[in-house]
Amino acid sequence: MRVVVDLNRCQGYAQCAFLAPDVFAMHGEEALLYDARPDDTRRADVLRAVAACPVRAITVEGAGGRWTADRVGASDGA
Amino acid sequence: MALDGSLERLRREGHIVVVGASLAGLRAAETLREEGFTGTLTMIGDEPYEPYDRPPLSKQVLLGLVPVGQTALPRRRTLDARWRLGAAATALDMAAKRVTLADGTSVEYDRLLITTGVRSRPWPNELEAGLDGVFVLRTTDDAARLVGRLRAGPRRVLVIGAGFTGSEIASVCRERELPVTVAERGPAPLVGALGGVIGEVAAELQHQYGVDLRCGVMVTGLEGDGAGRLRRAHFSDGAALDAEVAVVALGATRNTEWLAGSGLAAGPRGIACDAGCRAFDVRGIVSDDVFVAGDVARSPHPLFGYQFLSLEHWGNAVAQAEVAAHNMISPGERRRPHLWTPYFWSAQFGVNIKSVGVPNMADQILVGQGSLSEHRFTAAYGYQGRVIAAVAFDQAKWLEFYQRQIEQAAPFPLPFTTVDRRTEGMRPVPAGFPDPSVPTHGPEVTVSGHSPTDQRVTFTPA
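Just so you know, the sequences run in chain order A and B.
In this text, residue positions in the first sequence follow the working numbering: the first is 1092, and each later residue adds one.
In this text, residue positions in the second sequence follow the working numbering: the first is 8, and each later residue adds one.
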């Protein structure tokens, strides 16, 4: 799965680092480092982190199962 | 302006081409689909990869915590796009509404969005730049090369330029316990973006983490051995330094060369556009068909006297792309201006640095919260008696408040007291920005435009 965090929004509440510690980690007091492509087995943890983020900074592909990635070239032309 | 009927047709069966398949291009494409565009969407990108996130490259990727190539951006929805990746756009014919690609093919458009961004400024001496061991860091390929070399454990790394990217690379080197020297032409790291007062704090951080920081010097030459491998660097103060790796972090240059001769107002500073992201042509007339967003755009902003802002900011790429996409398929009265307040972050030496507004416009600075010596503070920047920016070190939570002050043009210094104000924050001091006429690696924000005091633009009629 793919993850991106809007670090302009992030204020270092660290909820994600508690809920999915192998995906999100605090680096120092406030900076966040994260795995942008965690294994699908971490999906439940990551979705909990998405829901718990007080500033809604985390975007996950396929959250809620509604959207799927369209593969590059799947449509044509690549 | 498109008539209602033709706009409806465009939305239903038109062809929109996006040149630049990175963050801005992707978010624009998603917005087009989200807002009901059902026509053909073509995404053109010079790199062979689908849109990926760049900020992690100088942080978790270089640290080795995330594998290279694993920062592809999540999609907010399906795009149903035609992808032309690994084929750079080489020319634009605005009359024929056609983009030519490096592979010789061309694509015709009804509306075009340009999001070609910036690239690393290379080391100016081509022979030296070609030495094995000399790197830049902008793309995922750059990161792959550099991380491979750092993993091998070079005896010393030289970082040329102590802007944000250079400083982040130096920070990663120290975390990897690699000896690193940073050479900066200015008096302190980050001085072009944040000024001398904060630059001093950045210098303290580098010293504390064991960086061999050398300010006020230039690297005058890179020397290779017989096999073409980097061996040594020479400095303007006469010193020489043995290094196996040099990372050139001298800022970025805008990808506008492909537009030469197109008639678009494109140049080294970017592509000028109006607040609605419509590109200007060289006559100063906005185009109805060509839109711009992201790092390559420069657009007027009311907070800064409608001067043109060029922003190399992640958040700007997202916000401007969304506005551009909306305006591309909306009638005039429903179009929106791009009025995003500049915002960016950096993580280095264990500190979370965040900025709002345009610090490098400021003449004064005041530490509103915390203390510089603790490396944990929020500083407000003033320009002619109003708040123009704020920077936080490990105090991100204050910036939203300062953003509102900036957007309301609140007076500087703030007329009220703040929580955790110390004696050092009682009086504003000069912000310490270097003379703008002296070239540095440059801040990530450039303000330029019609101000009568701005002597940098020369009018040369054709």
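These are computed hints drawn from the structure, not numbers from a lab.
Any given hint could be a false lead.
Residues of chain A clear of chain B, computed beta-carbon distances all greater than 10 angstroms [stated by the list, open to error]:
id: 1; residue: Met-1092
id: 2; residue: Ala-1108
id: 3; residue: Asp-1131
Partial pick of chain B residues on the chain A-facing surface, computed with a CB cut under 8 angstroms [to be verified]:
id: 4; residue: Asp-60
id: 5; residue: Gln-77
id: 6; residue: Arg-83
id: 7; residue: Val-125
Quick reminder that beta carbons are idealized off the backbone N, C-alpha and C, glycines included.
Hint-by-hint comparison with the structure:
| no. | hint | in the structure |
| --- | --- | --- |
| 1 | Met-1092 | 8 angstroms, violated |
| 2 | Ala-1108 | 13 angstroms, holds |
| 3 | Asp-1131 | 13 angstroms, holds |
| 4 | Asp-60 | 6 angstroms, holds |
| 5 | Gln-77 | 4 angstroms, holds |
| 6 | Arg-83 | 7 angstroms, holds |
| 7 | Val-125 | 19 angstroms, violated |
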